[in-house]
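S.K.: So the chains spell out like this:
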Amino acid sequence: MSTVSTIMWKDLLLELRTREVITSTAVFALLVALTFSFALDLKQDIAKQVVPGALWVTLIFGGLLGLSRTLAAERERGTLDGIRMAPVDPGLIFLAKFAGNLLLMLWVALVTVPAFCIFFNLYFEWVGLTVAVILGSAGLAAVGTVFAAMATSTRAREALLPALLLPIATPVVIAAVRATEFSVEGRGIDQWGVWLSVLIVFDIVFITLSYLVFEFVIEE
Amino acid sequence: MADNLGSPPADPPAAVSVSDLSRRFDEQPALVGVSFQLAWRDRALLLGPNGAGKTTLLRVLATLLRPSAGQAVVAGYDVVLQVEGVRRLVGYVGHQTFLYDDLTVAENLRFYSRLYGLADDGEHADRLVNLFDLNRSLNHRVRTLSRGWQQRAALARALLHRPKVLLLDEPDTGLDKVAFATMTDFLASSDCTMLISTHSPDRFERLANRVIRLERGRLVDSGVNGALRPAVRVN
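Chains A and B supply the protein sequences, listed in that same order.
According to our numbering, the residues represented by the first sequence are 1 to 220, in order.
According to our numbering, the residues represented by the second sequence are 221 to 455, in order.
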C-alpha cells in the first residue's frame, strides 16, 4: 500500500499547493446549484422529486471537471512516464488515482449538498445520503479514472470523457439518484431495496475491472 | 560513486540485446528491423538526424513503448514480458524531466525514492544531491529552476535506484560547462552500461566506446572503438 499512499501524498501536496482543482470544482458546483435554485422555483414536495437528480448532475459534472485535469496534467508534463518507469504494479497506480478522484468527488459533494439544502430548503436522512454519495461517487470515480486516463491521450479529452463515462455509469447514476430520493424522503437504507445492491455490485465490478485493465490504459 | 550503481551480473552476457526490433506509429515506421548488442559496461552513443528513431528506441528499451515486432532484452529481462525486472535496473532520462513543477527538488527525489521502494535513510540520494550540487536548490520548487538545474535534478532522479543500465536522451540539454563536466565525470567513473542519444557526439567522445547510428529508423552503423572517430565526424 505504500505505493498508493506515496502517489496520493504527492497528488494531495500538489493540489494543496496549486488549489486548481478544488477551487474550480467548488465554484462550478456552487454555480450550478445556484442556477438550479433560480431556474426551478419549486414547492417542497416537488423539490423532493427533482433535487436528487439535480444534485447528481452537479456532482457528476463537477467531478468530471477534476477527473479530466488530474491525469491530463501527469500526461502533459511527462510525469506519468516517470511513475510508469517505477517497478510498481500499474493496478496500484490506478488505486491511488481512484482514491484521489474519490476524495475529489466527495469534496464536490461536501460543497454541493449543503448548497442544495439551503437553496431548496430540504433536509436529508444523513446516514443514507452519506452512503449514497460515497457508493455513487466510488463507482463514478472508478470508471472516470480509467476513461480519464484513456481520454488524456486524445485531443478532445474534455468532450470525450463524459461521452465515454456517462453511458457506462448509467446504472450507478440511476441507483444513486434513487437512493438520494429515499434519503430526502427521510427513509433509511433498509428501505432502499435493490438500489443498494446495484451500487455495491457496480462499485466492486468496476473497481476490480479498472484495477486489472489500467496497465493497458496508460500505455502509449 | 561508481560502485553505488552495483556491479553487473555475470549472466546474461549482454546488457542490452536488440533483435529485429520494429516500431510503427499508425502506418509510419519509426524503427525498422534494428538489431545490436551492448556488452556490460559498454558506453554507446546513439546518433542520427532528427526523426531517425533514437528516442523511440530508448523509450522501447525503457518499457515506455511496446515494440511492434522483434525483441529487446535489457539486463536479461524482456521489455515486453518482464517489464518490472527491466524497470528495476534501468535509469532513463528523457526529453521531459519527469519532475513535478510544484514540488521542491527534495520532494521530487523523496517521491521517486519511495516509489522505487528505497530506504528513507537517503544516503545515496544525499550523494547524488552533492554530486550534482543540488543542495542550494533542494527546497526550491522545480518550476522556479532553470532548465539546466532541472536537468541536474532529473539526472539525480534517474540514478536514485542505482540502475545498471542508463538510457540517456540528450542528457546535456540545458547543462552548463560545469554541470556537463560533472555529469560526464560521473558517467565515466560509473559501472553502468549506457546508451546516450546525442546530437553532439564530440562532447561525449571521451566517454563512449561504441557508436550506434540510426537513419530513418534503420541501423546503419554499430561501430566499436576505432570506428568511433569516423562515425563521430559523419554525425
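Since the hints were made in silico from the structure, they are not lab data.
Computed from a prediction, not measured in an experiment: that's the story for all the values here.
In this text, a Cβ means the ideal position worked out from N, Cα and C, and glycines have one as well.
Take the hints with a grain of salt, since some may be wrong.
To be verified - Ranges between beta-carbon positions, derived for each pair:
(1) A:Arg17 with B:Asp353: 21 to 29 Å
(2) A:Arg17 with B:Asp396: 26 to 34 Å
(3) B:Phe245 with A:Gly193: 48 to 56 Å
(4) B:Asp405 with A:Arg17: 31 to 39 Å
(5) A:Ser24 with B:Arg436: 29 to 37 Å
S.K.: Output the numbers, in ascending order, of every earlier hint that fails for this structure.
M.R.: Hint 5 is the one this structure does not satisfy, whereas the remaining hints hold.
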